[in-house]
Amino acid sequence: MIQYAAIILFVFGLYGLFTNRNVIKMIVSLNVMEVGLNIFIISIGFTYDGIAPILSSTTANGLLYVDPLPQALVLTAIVIGVGTTALGLAIAKSIHKTYNTFDLDEMGDKE
Amino acid sequence: MKNLFGLLLSLVLGAFIILALNNTAAFPAFGEVDLADRVSEQYFTDGNVAEVGSANIVTAIVVGYRGFDTLGEVTVLFISALGVAIIFGEKKQERLDLKFKPNFMLRVGSRVLFGMILITSIYIIFHGHLTPGGGFPGGAIIASAVLLLYLTDDRFRSNVKGFKILEGIAGSLFVVIGLLGLVLVTSFLQNFLPAGTVGDLLSAGIIPIIYVLIGLKVGSEISGIVDNFLTEEESA
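Taken in sequence, the protein lines are chains A and B.
Reminder that position 90 of the first sequence reads as 310 in our numbering, one-by-one numbering, no gaps.
Reminder that position 67 of the second sequence reads as 70 in our numbering, one-by-one numbering, no gaps.
To be clear, the hints were calculated from the coordinates, so they are not data collected in a lab.
Among these hints, one or two may not hold up.
List of simulated lysine to any residue pairs, SDA-like, C-alpha gap at most 25 Å [unchecked claim]:
{"no.": "1", "chain 1": "A", "residue 1": "K313", "chain 2": "B", "residue 2": "T155"}
{"no.": "2", "chain 1": "B", "residue 1": "K5", "chain 2": "A", "residue 2": "N251"}
{"no.": "3", "chain 1": "A", "residue 1": "K317", "chain 2": "B", "residue 2": "L10"}
{"no.": "4", "chain 1": "B", "residue 1": "K102", "chain 2": "A", "residue 2": "L309"}
{"no.": "5", "chain 1": "A", "residue 1": "K245", "chain 2": "B", "residue 2": "T189"}
{"no.": "6", "chain 1": "B", "residue 1": "K5", "chain 2": "A", "residue 2": "L283"}
These stretches of chain B come out as covered by chain A in the derived footprint (C-beta under 8 Å, 3 or more residues) [as the list claims (entries may be wrong)]:
{"no.": "7", "region": "10-24"}
{"no.": "8", "region": "155-166"}
{"no.": "9", "region": "180-193"}
C-beta atoms are modelled at their ideal positions from N, C-alpha and C, and glycine is treated no differently.
Based on the sequences and whatever the hints tell you, model everything.
See below:
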């Protein structure tokens, strides 16, 4: 079920990216898309009755763990997302300094 | 009209993705994953666990099996922090003013909280191979502590130069440890320390050392980004 929620989030983000002309709103849409994708990748590794992939002395062998590989990949994706968001916001700030607007349609007249 | 087109395109793409979710061996239905079909099965075998020595399998993958990938990831974060710094310019900067005058209680209270948040982050970084957490969340918590001081004290300005030096040292030591693995054993970033008992604080060989370095590097990088966003060029 949660896979459908992730896909809906992804589609919402894509729609926002298509329709918004405001730089900040585009970055927010990109982040919504990214959250949807991350939830989807995590959901690929989920098993019913699976436990977190952490070994401890109280858990015996033969237990059912969830797949740890998607979690490790999403950890990477989150960090890259932070980097791209920071860079995008920095570009948005410098755009606002030059044109005094965040809207892509209203800029272009000034040189 | 353009919005309608965008809506249609998004809906069609979403429908395609949902239709692609068929229950096959390559892509099983939600929650019915059989780990035996996957690569991840080998991470839980006794021999591999004893060799890596990390109780948290996700950490074992991120820093152990895929350590080279993590080095690239840290490099990407470094480049984006560098890009933010370049975009905001290298001129003399001063911090943005707060919209209110912080009183004594707010300043002192936030400093007490700063210490507590820092201790939490150190705990999370040092237990990265035992509990959920590690260098990346711990570094983000360090940066949030720095952000708290920026938001509650109108005179606070973090030591940006110190952060840059710390970040450089941590990144270089990461590479040096990788090269030590290449020289002492056989391949880059290979574990050359004893793995120890699974579950001990001092276990898992080089994984805790690398995660501490990653924590310092991520914390100083994100703190640098926070500083860049909360300063502006001097108007004089």
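Results for each hint:
1. K313(A) to T155(B): holds, 23 Å
2. K5(B) to N251(A): The hint holds at about 22 Å.
3. K317(A) to L10(B): Violated: K317(A) and L10(B) sit about 32 Å apart, past 25 Å.
4. K102(B) to L309(A): holds, 22 Å
5. K245(A) to T189(B): The given pair, whose Cα atoms are some 49 Å apart, is violated under the 25 Å limit.
6. K5(B) to L283(A): violated, 52 Å
7. 10-24: This one holds; 9 residues, not fewer than the three required, reach chain A with a Cβ under 8 Å.
8. 155-166: violated (count 0)
9. 180-193: Result for this restraint: violated, n = 0.
Checked against the numbered hints above, the structure violates hints 3, 5, 6, 8, 9; every other hint is satisfied.
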